[in-house]
Amino acid sequence: MFVTLSRIIKYGFQNFLRNGWLSTATIAVMILALFVLQGLIIFNVLAKTAITAVQNKIDISVYFKSNVAEDEMLKLKKTLEDFNEVKKVEYVSREQALAEFQARHKESSIVSQAIEELGENPLLASLNIKAHDPKQYISLAAFLNNESLQPLIEKVTYAQNQVVIERLIRIVDTARRGGVILTLIAALIAVLVAFNTIRLAIYTNRETIGIMRLVGASNNLIRGPYIVEGILYGLLAAALSFAVITPLIGYASPYVVNFIPEMNLQNYFAENFLRLLGYQLLFGIILGVFSSFIAVRRYLQV
Amino acid sequence: MITFQNVSKIYNKHSVALDNVSFKINLKEFVSIVGRSGAGKSTIVKLIIAEEKPTSGRIIFDSYEVNKLKFSQFPKYRRHIGTIFQDFRLLTGKTVFENIAFALEVEGRPQKEINEFVPQILNLVGLNDKMQSFPYELSGGEKQRVAIARAMINQPEVIVADEPTGNLDPFNTWEIIKLLMKINEMGSIVILATHNKEIINTLGQRVITVEKGRVIRDEEHGRFILTN
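Just so you know, the protein sequences line up as chains A and B, in that order. Throughout the first sequence, residue numbering follows the numbering used here, covering 1 to 302 in sequence. Throughout the second sequence, residue numbering follows the numbering used here, covering 303 to 530 in sequence.
Pulled out of the complex, with its shape left as it was, chain A reads as follows:
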């Protein structure tokens, strides 16, 4: 058993080295395949971050009439917080609103003068509501526009932002769905190309496999070295494609920040280095072993 295993490993390495060009070509194709897979992982992380960033920008605000008492506003806040759809409700009192307003316009003396001349706080207290899913704003807006709340509420911003929100919902949905489809297609192509390359490499050995069968070799002894070769392909391709990706990430990171300020690609890569490398190795080895296994099986029928 041990003797056979050590021979299988030895022959795997031997075939790999003696067919140097074939191994190199196969690994080159696998590097491309793994490169695509890795690219897809990163693309999906980017897309997710971008989508979340857009979602976080969407909210609706409810402005209360100036005569509404604070505890009534807080009561509505409490009611909203109990809704499943609601992620966060932020209460902004009139004083807070004024302070924020003044801070924002502290450079403009006209604005501060105007407020001083007014003599009272012109701003309204508001609730700032964020939902888990942008689609849920429609039902929240419907609730807030309800008759029974009309005495309290001056205005709900949903109506004026409705078009923008709905458009964003559509973009987010399309981006998500498109990402999934694109990922599946690209992954499938990458896997098929790698699979076929390995099959072709083993096709050149079909006679050898038949001869081994006629000499009385067991299937394990015949298949084993090809599986070992598959593992080697996977390991080397994963390591090499990672060696290509690492500097590329460093190069691309500053450009990505321009598009998605929330995304620090280089940090993400550094934090998840082992996990990404692990995926890569796993993909590579599974692809190599699986392809070898299937390809050899065809020629073992003698």
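Simulated from the structure, these hints should not be mistaken for lab results. Here the structure is a predicted model, which is why all the values come from computation and not from measurement. Take these hints with a grain of salt, some might be off.
To be verified - In the DMTMM-like style, the derived pairs of lysine to aspartate or glutamate whose C-alpha atoms are separated by at most 25 Å in a straight line are:
no.: 1; chain 1: B; residue 1: 396; chain 2: A; residue 2: 207
no.: 2; chain 1: B; residue 1: 355; chain 2: A; residue 2: 207
no.: 3; chain 1: A; residue 1: 10; chain 2: B; residue 2: 321
no.: 4; chain 1: B; residue 1: 484; chain 2: B; residue 2: 444
no.: 5; chain 1: B; residue 1: 432; chain 2: B; residue 2: 367
no.: 6; chain 1: A; residue 1: 10; chain 2: B; residue 2: 407
no.: 7; chain 1: A; residue 1: 130; chain 2: A; residue 2: 173
no.: 8; chain 1: B; residue 1: 348; chain 2: B; residue 2: 409
no.: 9; chain 1: A; residue 1: 10; chain 2: B; residue 2: 418
no.: 10; chain 1: A; residue 1: 88; chain 2: A; residue 2: 70
no.: 11; chain 1: A; residue 1: 135; chain 2: A; residue 2: 81
no.: 12; chain 1: A; residue 1: 10; chain 2: B; residue 2: 400
no.: 13; chain 1: B; residue 1: 432; chain 2: B; residue 2: 415
no.: 14; chain 1: B; residue 1: 370; chain 2: B; residue 2: 459
no.: 15; chain 1: A; residue 1: 57; chain 2: A; residue 2: 166
no.: 16; chain 1: B; residue 1: 348; chain 2: B; residue 2: 389
no.: 17; chain 1: A; residue 1: 130; chain 2: A; residue 2: 166
no.: 18; chain 1: B; residue 1: 372; chain 2: A; residue 2: 207
no.: 19; chain 1: A; residue 1: 135; chain 2: A; residue 2: 117
no.: 20; chain 1: A; residue 1: 155; chain 2: A; residue 2: 207
no.: 21; chain 1: A; residue 1: 87; chain 2: A; residue 2: 173
no.: 22; chain 1: A; residue 1: 65; chain 2: A; residue 2: 117
no.: 23; chain 1: B; residue 1: 414; chain 2: B; residue 2: 431
no.: 24; chain 1: B; residue 1: 348; chain 2: A; residue 2: 207
no.: 25; chain 1: A; residue 1: 75; chain 2: A; residue 2: 166
no.: 26; chain 1: B; residue 1: 414; chain 2: B; residue 2: 353
no.: 27; chain 1: B; residue 1: 378; chain 2: A; residue 2: 207
no.: 28; chain 1: B; residue 1: 432; chain 2: A; residue 2: 207
no.: 29; chain 1: A; residue 1: 87; chain 2: A; residue 2: 107
no.: 30; chain 1: B; residue 1: 326; chain 2: B; residue 2: 521
no.: 31; chain 1: A; residue 1: 10; chain 2: B; residue 2: 409
no.: 32; chain 1: B; residue 1: 348; chain 2: B; residue 2: 321
no.: 33; chain 1: A; residue 1: 87; chain 2: A; residue 2: 116
no.: 34; chain 1: B; residue 1: 370; chain 2: B; residue 2: 409
no.: 35; chain 1: A; residue 1: 106; chain 2: A; residue 2: 116
no.: 36; chain 1: A; residue 1: 10; chain 2: B; residue 2: 513
Given chain A, put chain B in place with the hints provided.
What follows is chain B alone, placed relative to chain A:
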């Protein structure tokens, strides 16, 4: 030792390779199977090494009923037979030494035995200086001697040779036949499928003549006779 009982091999109704063939080959015999191309010689060889299954009939080898062997039993069964082909069928990616060693490795024999036996057998076939060569570096005659060394190294009960001299010049042909005779003297059954008249007539051994899938002659000290 090897028995064919009413064996037929029909690929389709236009192609009957063997038609109700029966014969028995005893221990230590040297049997030649002769016939024209397409007469059924190669089919007999393929049936013996279980590369093909008979359509009907029984093939008995020792305790094996070859026609009933399962796929998973083939490797173990084939280790009892050494096979030599017209086209040599060496493992092109392995050296001469490794090609011969492979026949021992399939049985799981330890490396020490392999290192001891392979040079001995290479000495016997006169190739000990080519141990580290690859098949593409050898001549036809040398390749066939490697194939013979591989076939005989685990001392099988039977050596089956299918047109082993078909690709060789007269000098190499006789070298190969002499080796086969030597193997036979060492105690193995040798089954030689050939259409080389000169070899058959010189050997003076048992000859089974097949024509159109049937055995038409089976003589103890046969000669090469084919009717027109």
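Here is how each hint holds up against the structure:
1. Annotation: proposed proximity of residue 396(B) to residue 207(A) holds, straight-line Cα distance about 13 Å (limit 25 Å).
2. Distance restraint check for residue 355(B) and residue 207(A): the Cα-Cα separation of roughly 20 Å lies within the 25 Å cut-off, and the hinted pair is therefore satisfied.
3. About 46 Å separates the Cα atoms of residue 10(A) and residue 321(B), which puts this hinted pair outside 25 Å; it is violated.
4. For a cut-off of 25 Å, the pair hint linking residue 484(B) to residue 444(B) stands: about 17 Å separates their Cα positions.
5. Between residue 432(B) and residue 367(B) the CA atoms are separated by roughly 39 Å; this puts the pair beyond 25 Å, and the hint is violated.
6. A C-alpha spacing of about 12 Å is found between residue 10(A) and residue 407(B), which places the hinted pair at or below 25 Å, so the restraint holds.
7. Simply put, residue 130(A) and residue 173(A) have alpha-carbon atoms about 18 Å apart, close enough for the 25 Å limit, and the pair holds.
8. Only pairs whose Cα atoms come within 25 Å are accepted, and residue 348(B) paired with residue 409(B) is accepted, the gap being roughly 22 Å.
9. A threshold of 25 Å between alpha carbons decides the hint, and for residue 10(A) with residue 418(B) the separation of about 20 Å falls inside it, so the pair holds.
10. Between residue 88(A) and residue 70(A), the direct Cα distance comes to roughly 19 Å. Compliance with the 25 Å bound is thereby established for this hinted pair.
11. Straight-line distance between C-alpha atoms of residue 135(A) and residue 81(A) comes to about 17 Å, which keeps the hinted pair within the 25 Å bound.
12. With a C-alpha separation of about 12 Å, the suggested pair residue 10(A) and residue 400(B) falls inside the 25 Å cut-off, and the hint holds.
13. Straight-line distance between C-alpha atoms of residue 432(B) and residue 415(B) comes to about 20 Å, which keeps the hinted pair within the 25 Å bound.
14. Between the alpha carbons of residue 370(B) and residue 459(B) the distance comes to roughly 20 Å, so the proposed pair stays at or under 25 Å and holds.
15. Under the criterion of a C-alpha separation no larger than 25 Å, the hint pairing residue 57(A) with residue 166(A) is consistent with the structure, at around 13 Å.
16. A hinted pair counts as satisfied when its Cα atoms are at most 25 Å apart, and residue 348(B) with residue 389(B) qualifies at roughly 14 Å.
17. Of the pairs offered as hints, the one joining residue 130(A) and residue 166(A) holds, with about 15 Å between alpha carbons and a cut-off of 25 Å not exceeded.
18. A C-alpha spacing of about 22 Å is found between residue 372(B) and residue 207(A), which places the hinted pair at or below 25 Å, so the restraint holds.
19. The hinted pair formed by residue 135(A) and residue 117(A) fails the criterion: a straight-line CA distance of about 43 Å is larger than 25 Å.
20. Between the alpha carbons of residue 155(A) and residue 207(A) the distance comes to roughly 81 Å, so the proposed pair goes past 25 Å and is violated.
21. The hinted pair formed by residue 87(A) and residue 173(A) meets the criterion: a straight-line CA distance of about 19 Å does not exceed 25 Å.
22. A threshold of 25 Å between alpha carbons decides the hint, and for residue 65(A) with residue 117(A) the separation of about 22 Å falls inside it, so the pair holds.
23. Taken as a hint, the residue 414(B) and residue 431(B) pair is honoured in the structure, with Cα atoms around 20 Å apart against an allowance of 25 Å.
24. Taking the CA atoms of residue 348(B) and residue 207(A), the gap is near 16 Å; set against the 25 Å cutoff, the hint holds.
25. Among the hinted pairs, residue 75(A) with residue 166(A) is inconsistent with the structure: their alpha-carbon atoms are about 29 Å apart, more than 25 Å.
26. Of the supplied pair hints, the one linking residue 414(B) and residue 353(B) is violated, its CA atoms being roughly 32 Å apart against a limit of 25 Å.
27. The hinted pair formed by residue 378(B) and residue 207(A) meets the criterion: a straight-line CA distance of about 20 Å does not exceed 25 Å.
28. Our distance criterion of 25 Å between C-alpha atoms is met by residue 432(B) and residue 207(A), whose separation comes to about 23 Å.
29. Restraint check for residue 87(A) and residue 107(A): not satisfied, since their Cα atoms lie roughly 35 Å apart, outside the 25 Å limit.
30. With a C-alpha separation of about 12 Å, the suggested pair residue 326(B) and residue 521(B) falls inside the 25 Å cut-off, and the hint holds.
31. A C-alpha spacing of about 17 Å is found between residue 10(A) and residue 409(B), which places the hinted pair at or below 25 Å, so the restraint holds.
32. Among the hinted pairs, residue 348(B) with residue 321(B) is consistent with the structure: their alpha-carbon atoms are about 15 Å apart, no more than 25 Å.
33. With a C-alpha separation of about 37 Å, the suggested pairing of residue 87(A) with residue 116(A) is violated against the 25 Å cut-off.
34. A hinted pair counts as satisfied when its Cα atoms are at most 25 Å apart, and residue 370(B) with residue 409(B) qualifies at roughly 22 Å.
35. Taking the CA atoms of residue 106(A) and residue 116(A), the gap is near 13 Å; set against the 25 Å cutoff, the hint holds.
36. For the given pair, residue 10(A) sits about 47 Å from residue 513(B) by alpha-carbon distance, which is inconsistent with the 25 Å threshold.
The structure fails hints 3, 5, 19, 20, 25, 26, 29, 33 and 36 (numbered hints given earlier, in ascending order).
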